[in-house]
Amino acid sequence: GQSLEQPSEVTAVEGAIVQINCTYQTSGFYGLSWYQQHDGGAPTFLSYNALDGLEETGRFSSFLSRSDSYGYLLLQELQMKDSASYFCAVANQAGTALIFGKGTTLSVSS
Amino acid sequence: DAGVIQSPRHEVTEMGQEVTLRCKPISGHDYLFWYRQTMMRGLELLIYFNNNVPIDDSGMPEDRFSAKMPNASFSTLKIQPSEPRDSAVYFCASSFSGGIQSSYNEQFFGPGTRLTVL
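Taken in order, these protein sequences are the chains called W and R.
Residues 29 to 138, numbered by the working numbering, are exactly what the first sequence covers, in order.
Residues 252 to 369, numbered by the working numbering, are exactly what the second sequence covers, in order.
Just chain W, same shape as in the assembly (with noise of 0.2 Å):
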């Protein structure tokens, strides 16, 4: 079966860098995906990785080792509005659905 692992907290605060890491054991490998929610709100999508190396889009970059079964979502110039929590997901075997880690809650505070 799928399986991910992340941290269940991170805090940080304004303007700084946080990386929240993702490790992953899969039948079947066809990319990382990472969501954000915000507290009481639907998760949305951030990115996706199908090959090693980084992703960057503004301030939010992701990275994937297929080596290693590990990512990692790094959020640069942190602002309060990112407090929010943030999913890292990978397919199921058959590729056409997600299986979502438990979540990393990230506080920034001022």
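Treat the hints with caution; some may be incorrect.
To be verified - These stretches of chain R come out as covered by chain W in the derived footprint (C-beta under 8 Å, 3 or more residues):
1. 258-267
2. 300-307
Claimed, not checked - Label-pair ranges, simulated between beta-carbon atoms:
3. Q121(W) with T327(R): 24 to 32 Å
4. E357(R) with D96(W): 21 to 29 Å
5. S278(R) with A122(W): 37 to 45 Å
What the hints contain is simulated information worked out from the structure, not anything from laboratory work.
From a predicted model like this one, the values you see are computed outputs, not experimental measurements.
Glycine included, each C-beta is placed from N, C-alpha and C at the ideal position.
Go by the hints and put chain R onto chain W.
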């Protein structure tokens, strides 16, 4: 587009009652997913459909849970009878595959239904 629409947004019911959650996916999307989110278990995939056909319901916790998708614009998740441990936020999500199976396909989530079973 209005995005994925779910109703009701909040539901409070008593143990033993039937609960029906509704979802309207984004027009043109061919995949529809039902998730349950709790603090203890996180975001769990319950069941998903492709072109209105159930593909995998292995995440449905018990026979008390059932889901249908009678057409491309409507799906229901029913719990009968409901129990207090069913209390959670239930999300519906949809995605467009373009005929190519890929986990790259961004999933669009609805606002969720917060279910409380007393």
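Against the structure, the hints:
Given as covered by chain W, the segment 258-267 of chain R fails the check, having 0 residues with a CB less than 8 Å from a CB of that chain where 3 are the minimum. A stretch counts as covered by a chain when three or more of its residues have a beta carbon under 8 Å from one of that chain; for the segment 300-307 of chain R and chain W the count is 3, and the coverage holds. About 27 Å separates the C-beta atoms of Q121(W) and T327(R), a value consistent with the hinted range of 24 to 32 Å. With their beta carbons about 25 Å apart, E357(R) and D96(W) fall inside the hinted range of 21 to 29 Å.
In this structure the hint that S278(R) and A122(W) lie 37 to 45 Å apart at CB is violated, the actual value being about 25 Å.
When held up to the earlier numbered hints, the structure conflicts with 1, 5 and fits the remainder.
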